[in-house]
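K.L.:
Listed here are the chains, written in short residue letters.
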Amino acid sequence: MGFLKIFLSILFVFTASLAALPETAVEMGTRLAKMNDDRPVFERVKARINLIINNSSGEVRFTKVLIMAAYTENMNSPVNYCERYITYFMAPADDQGNAYLSYHYKNQSDVKWAYLKGIRRAKKVTGADKKLSFFGSDFTNGEMGKPNFLEWKYKYLGDDKVTFRGNVFDCYMIESLPKTQSIMNENGCGRRVSYVEKKTLLTLRLDYYDENLTKIKEMRLVSFTTKNNINGQKVYYETGLEMRNLKTGTRTELRFSDVKVESEANIRTDIFTEQYLIQKWW
Amino acid sequence: MRSKSLAIFTCMMLFCTGVAYSQIDNLADKPEAGKQKEKGKDKDKDVTFSLHGFAQANFVASRNSIGASGNRWRTSRYEFPRIGGTLRLELEGNAYDVAHFFSAVEMEYNAAGEKKNFLKFYNPNAFLQYTYFTYNADFDRSELIKNPSITVRETYVDLYSKHVTFRVGQQIIAWGEIEGVEAPSDVVIPWDFTTKSNYFEYSRIGVTAANLSFHFAKQQLQLIWIPLFQPTKLPLESVYHRGVTSISRPEFEVRNGEYAARLSGNLGNSFRYGLGFLYGYDDLPDTRVLLPGSYQNYSFGDFTLPVYTPAVVFTELYYNRVYVPTLDLGIAMGDVLSWKVSANANFTEDFWGKRDLIKNPTVTYLTGPESTNMFAKIYLGLYVGQQWVINYTPPTNDSNPIELVSRLDRFKLPNKQTLKGYGQLNPYTWMLSGNMQRSFLQGDALDFQVRFALYTDPKLWRWDYVVYPYFLYKFTNGVSSALGVVIANRRGDDRYMIISETRYSF
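Going line by line, the protein sequences match chains H and G. Quick note: the first sequence uses the working numbering, first residue 1, plus one each step. Quick note: the second sequence uses the working numbering, first residue 283, plus one each step.
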């Protein structure tokens with residue numbers, strides 16, 4: 001009996017000491033990245049998107065204007081979760097009329113459609129090379145969506161300060177490394193370092209490294225908006241991003257305007273179909 | 283004292299973090315600020331109109347297949363048939379989300395001039411027109427017209443309800459899973475083979491139609507009525523080569539309308555299908571050759587042989603009724619590829635192939651892989667297929683004088699040329715069709731595209747080809763320049779052109 005007591009006491013002390021052990025950098029990085037990934041989202045968003053592509057001299061080369069509607073189906077279910085997007089090109093004039101539809105599933109391949117006014121057909125878009133540029137900008141296709149949390153391993157690198165709109169904010173520095181060589185090749189990225197603001201978990205800065213671990217791009221948050229979603233959760237929604245390509249000296253701004261969310265967005269859920277690629281929905 | 287300090291320190295910490303927290307929140311964009319303004323804007327946007335379009339400078343150099351010899355009109359084998367400008371205006375309107383209007387009108391000035399005094403050949407308002415050519419070109423320079431032309435490319439109204447869309451007016455209707463020089467299931471509207479542009483889609487001719495679509499459960503049922511038949515626009519050279527004396531078109535009557543229906547849709551995320559049917563006219567004409575003449579008696583001693591001697595040859599082009607079922611399949615293969623099938627059967631009234639001067643029915647298919655990897659900035663389709671002639675009749679032996687003489691009557695000619703024109707010289711033809719597009723540089727500024735189709739007989743002896751490569755460079759928003767080449771030789775007609783188009787879109 002006495003032996004059992006001693007054993008239990010030792011076990012208790014050992015367990016307690018284990019629990020009291022500080023988190024490792026990997027554990028903390030993974031936890032923070034998970035918290036960042038689980039940030040609340042809006043169910044419905046409607047916005048005008050300006051993609052401003054600047055050349056290495058800093059002059060605006062192309063401006064693409066899209067109108068976008070997004071609907072997150074089953075947003076409370078991690079299994080059946082599906083983000084639906086429909087976009088319509090308003091400018092430049094030679095792209096005006098093109099439209100794009102995509103379903104981004106949590107557990108299956110994305111489904112995408114493009115309507116190209118030149119060929120008068122809605123075409124199913126197969127493949128999505130994540131490392132290629134998004135409509136000729138400094139963003140890649142992979143950088144436009146949320147990265148798959150499970151494809152990366154994380155490490156907390158420490159704290160740092162990042163300036164956002166003239167104010168300095170404390171941030172967690174989190175390193176993300178691709179879990180496999182194929183993920184690295186697919187994304188064209190060997191390392192990412194995110195600067196996540198401690199209170200809101202907004203990523204204020206994100207550094208991209210290529211497969212040779214050379215820093216190639218730097219993304220900064222330019223603006224965001226905040227509002228409660230239909231579940232009453234406060235959502236921090238990025239409305240402006242700037243990507244600088246350190247290799248080429250070019251820069252792209254992605255700016256959302258006229259952002260409307262939830263009931264204000266007034267989006268019907270049946271517009272995310274092929275039919276609405278050629279029909280006004282906004 | 284120590285606990286006091288700790289309390290003060292804790293308060294300071296909370297205060298500081300609170301400041302930081304409120305600071306970043308304060309830096310958020312406030313959508314509420316513009317809400318009232320936006321509401322007002324939305325109200326204004328219930329009925330909207332916009333004007334777009336482009337102004338374009340055109341330059342085309344081509345090799346003239348008619349040639350200089352015997353041609354008083356053209357002085358060189360090489361010419362510049364298109365030097366000038368195009369202004370296209372596109373007016374678009376939306377009324378709430380229930381109605382939509384679109385009109386595209388094109389004004390073109392061609393300093394090189396064009397022979398247009400046979401315009402009614404192609405004009406939808408002409409029902410029966412005759413234009414005579416002789417075997418030597420008999421037009422002269424005074425026939426070249428340099429006045430600007432105005433063409434309505436499309437004008438239609440859309441009416442939308444939740445599951446039904448209705449489009450009425452002059453419109454372009456594209457069917458099928460594949461697109462390119464050859465797309466067997468894309469049968470509804472005709473092509474303009476006279477187009478001298480890098481933009482392949484400008485070869486499509488809009489037709490006046492009522493187009494009703496029902497959308498349900500990822501499927502679409504489309505019903506089309508085309509009251510006014512519009513044939514394919516043939517190049518002058520093609521008509522000239524064949525010594526065509528007239529082209530007759532079906533009269534504008536209800537009984538001469540065209541009707542089409544198509545059911546298409548998705549079955550799951552990996553399978554697409556389309557089943558269509560067109561009851562209409564063949565967009566490419568049939569040929570009727572008339573040889574009015576008389577029998578002349580040739581005497582060989584006591585023996586007299588009556589031989590029919592034609593006095594004149596009339597070559598009439600006319601359009602036959604056709605029944606065209608179409609089939610499309612699209613099967614996703616992994617994330618990057620899909621497999622496509624596009625097929626049609628073109629049944630003419632001479633189903634059993636008994637009349638040489640009417641096209642035999644055909645069955646055409648193309649199948650192959652396609653990658654519409656828009657995010658890789660590449661579109662690639664490569665299809666192989668065949669066109670089979672049902673109840674194929676081989677051409678008669680033109681070198682056999684007895685056979686030649688025995689067939690020379692008012693309604694028949696040696697039919698090798700005719701069958702060649704129909705593309706029915708062999709029991710079947712192999713086809714290889716492809717389409718590749720790739721974007722390069724920042725902002726996808728440079729675009730390369732090539733469309734091609736190759737045709738050959740069963741023994742792979744003789745090849746026909748149609749190849750359209752071009753580069754498009756975008757300088758900045760809306761300003762682009764396209765430089766391309768057309769290399770084509772098909773069914774006895776050839777086209778070789780260099781085309782430059784510089785455009786400002788607005």
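No lab work stands behind these hints: they were computed from the structure. These numbers were taken from a predicted model, which means no experiment stands behind them. Treat each hint with caution, since some may be false.
Said to hold, decoys possible - In silico DSSO-like pairs for lysine-lysine, Cα to Cα no more than 30 Å straight-line: (1) H:Lys280 <-> G:Lys702; (2) H:Lys153 <-> H:Lys179; (3) H:Lys199 <-> H:Lys155; (4) G:Lys515 <-> H:Lys146; (5) H:Lys131 <-> H:Lys5; (6) H:Lys227 <-> H:Lys112; (7) G:Lys636 <-> H:Lys117; (8) H:Lys112 <-> G:Lys444; (9) H:Lys146 <-> G:Lys702; (10) H:Lys198 <-> G:Lys312; (11) G:Lys312 <-> H:Lys199; (12) G:Lys312 <-> H:Lys161; (13) H:Lys280 <-> H:Lys112; (14) H:Lys153 <-> H:Lys117; (15) H:Lys234 <-> G:Lys312; (16) G:Lys515 <-> G:Lys702; (17) G:Lys500 <-> H:Lys280; (18) G:Lys500 <-> H:Lys106; (19) H:Lys117 <-> G:Lys478; (20) H:Lys161 <-> H:Lys131; (21) H:Lys280 <-> G:Lys636; (22) G:Lys312 <-> H:Lys117; (23) H:Lys124 <-> G:Lys636; (24) H:Lys112 <-> H:Lys198; (25) H:Lys112 <-> H:Lys155; (26) G:Lys444 <-> H:Lys106; (27) H:Lys131 <-> H:Lys34; (28) G:Lys698 <-> H:Lys34; (29) G:Lys515 <-> H:Lys130; (30) G:Lys500 <-> H:Lys117; (31) G:Lys636 <-> H:Lys112; (32) H:Lys124 <-> H:Lys161; (33) H:Lys106 <-> H:Lys155; (34) H:Lys5 <-> H:Lys106; (35) H:Lys247 <-> H:Lys106; (36) G:Lys636 <-> G:Lys515; (37) G:Lys312 <-> H:Lys227; (38) H:Lys106 <-> H:Lys227; (39) H:Lys124 <-> G:Lys312.
K.L.:
Take the hints in turn and mark each one as holding or not.
P.N.:
We went through each hint and held it up to the structure:
For the suggested pair Lys280 (chain H) and Lys702 (chain G), the alpha carbons sit about 47 Å apart, so the restraint of at most 30 Å is broken. Proposed proximity of Lys153 (chain H) and Lys179 (chain H) is supported: the alpha carbons are some 6 Å apart, at most 30 Å. Proximity of Lys199 (chain H) to Lys155 (chain H) is assessed by CA-CA distance (about 19 Å); at most 30 Å being required, the pair is judged to hold. Pair hint Lys515 (chain G) plus Lys146 (chain H) does not hold up; C-alpha atoms about 50 Å apart against a cutoff of 30 Å.
Restraint check for Lys131 (chain H) and Lys5 (chain H): the C-alpha separation of about 60 Å exceeds 30 Å, so the hint is violated. With a CA separation close to 29 Å, the supplied pair Lys227 (chain H) and Lys112 (chain H) stays within the 30 Å bound. A C-alpha spacing of about 43 Å is found between Lys636 (chain G) and Lys117 (chain H), which places the hinted pair above 30 Å, so the restraint is violated. A C-alpha spacing of about 22 Å is found between Lys112 (chain H) and Lys444 (chain G), which places the hinted pair at or below 30 Å, so the restraint holds.
For the suggested pair Lys146 (chain H) and Lys702 (chain G), the alpha carbons sit about 58 Å apart, so the restraint of at most 30 Å is broken. A distance of roughly 21 Å separates the Cα atoms of Lys198 (chain H) and Lys312 (chain G); the hinted pair therefore holds under the 30 Å criterion. Simply put, Lys312 (chain G) and Lys199 (chain H) have alpha-carbon atoms about 19 Å apart, close enough for the 30 Å limit, and the pair holds. In summary, the hint linking Lys312 (chain G) to Lys161 (chain H) is supported, as the alpha carbons are separated by about 25 Å, within the 30 Å threshold.
With a C-alpha separation of about 19 Å, the suggested pairing of Lys280 (chain H) with Lys112 (chain H) holds against the 30 Å cut-off. With a C-alpha separation of about 42 Å, the suggested pair Lys153 (chain H) and Lys117 (chain H) falls outside the 30 Å cut-off, and the hint is violated. Distance check on the hinted pair: Lys234 (chain H) and Lys312 (chain G) sit about 14 Å apart at the alpha-carbon level, within 30 Å; holds. Of the pairs offered as hints, the one joining Lys515 (chain G) and Lys702 (chain G) holds, with about 19 Å between alpha carbons and a cut-off of 30 Å not exceeded.
Proposed proximity of Lys500 (chain G) and Lys280 (chain H) is supported: the alpha carbons are some 18 Å apart, at most 30 Å. With a C-alpha separation of about 21 Å, the suggested pair Lys500 (chain G) and Lys106 (chain H) falls inside the 30 Å cut-off, and the hint holds. This hinted pair checks out: Lys117 (chain H) and Lys478 (chain G) have alpha carbons roughly 20 Å apart, not beyond 30 Å. Among the hinted pairs, Lys161 (chain H) with Lys131 (chain H) is consistent with the structure: their alpha-carbon atoms are about 29 Å apart, no more than 30 Å.
This hinted pair does not check out: Lys280 (chain H) and Lys636 (chain G) have alpha carbons roughly 52 Å apart, beyond 30 Å. For the suggested pair Lys312 (chain G) and Lys117 (chain H), the alpha carbons sit about 35 Å apart, so the restraint of at most 30 Å is broken. Under the criterion of a C-alpha separation no larger than 30 Å, the hint pairing Lys124 (chain H) with Lys636 (chain G) is inconsistent with the structure, at around 43 Å. Distance restraint check for Lys112 (chain H) and Lys198 (chain H): the Cα-Cα separation of roughly 35 Å exceeds the 30 Å cut-off, and the hinted pair is therefore not satisfied.
The straight-line distance between the Cα atoms of Lys112 (chain H) and Lys155 (chain H) is roughly 33 Å, outside the 30 Å bound, and the hint therefore fails. Straight-line distance between C-alpha atoms of Lys444 (chain G) and Lys106 (chain H) comes to about 29 Å, which keeps the hinted pair within the 30 Å bound. Distance check on the hinted pair: Lys131 (chain H) and Lys34 (chain H) sit about 23 Å apart at the alpha-carbon level, within 30 Å; holds. Restraint check for Lys698 (chain G) and Lys34 (chain H): not satisfied, since their Cα atoms lie roughly 74 Å apart, outside the 30 Å limit.
Restraint check: the Cα-Cα separation between Lys515 (chain G) and Lys130 (chain H) comes to about 44 Å, which exceeds 30 Å; the hinted pair is violated. Annotation: proposed proximity of Lys500 (chain G) to Lys117 (chain H) holds, straight-line Cα distance about 21 Å (limit 30 Å). Annotation: proposed proximity of Lys636 (chain G) to Lys112 (chain H) is violated, straight-line Cα distance about 49 Å (limit 30 Å). Annotation: proposed proximity of Lys124 (chain H) to Lys161 (chain H) is violated, straight-line Cα distance about 44 Å (limit 30 Å).
Under the criterion of a C-alpha separation no larger than 30 Å, the hint pairing Lys106 (chain H) with Lys155 (chain H) is consistent with the structure, at around 24 Å. Distance hint between Lys5 (chain H) and Lys106 (chain H) is unfulfilled; the C-alpha atoms sit about 49 Å from each other, more than 30 Å. The straight-line distance between the Cα atoms of Lys247 (chain H) and Lys106 (chain H) is roughly 33 Å, outside the 30 Å bound, and the hint therefore fails. For a cut-off of 30 Å, the pair hint linking Lys636 (chain G) to Lys515 (chain G) stands: about 28 Å separates their Cα positions.
Using a Cα cut-off of 30 Å, the hinted pair Lys312 (chain G) and Lys227 (chain H) holds, with the two alpha carbons roughly 9 Å apart. Between Lys106 (chain H) and Lys227 (chain H) the alpha-carbon distance is near 24 Å, which keeps this suggested pair within the 30 Å criterion. Under the criterion of a C-alpha separation no larger than 30 Å, the hint pairing Lys124 (chain H) with Lys312 (chain G) is inconsistent with the structure, at around 37 Å.
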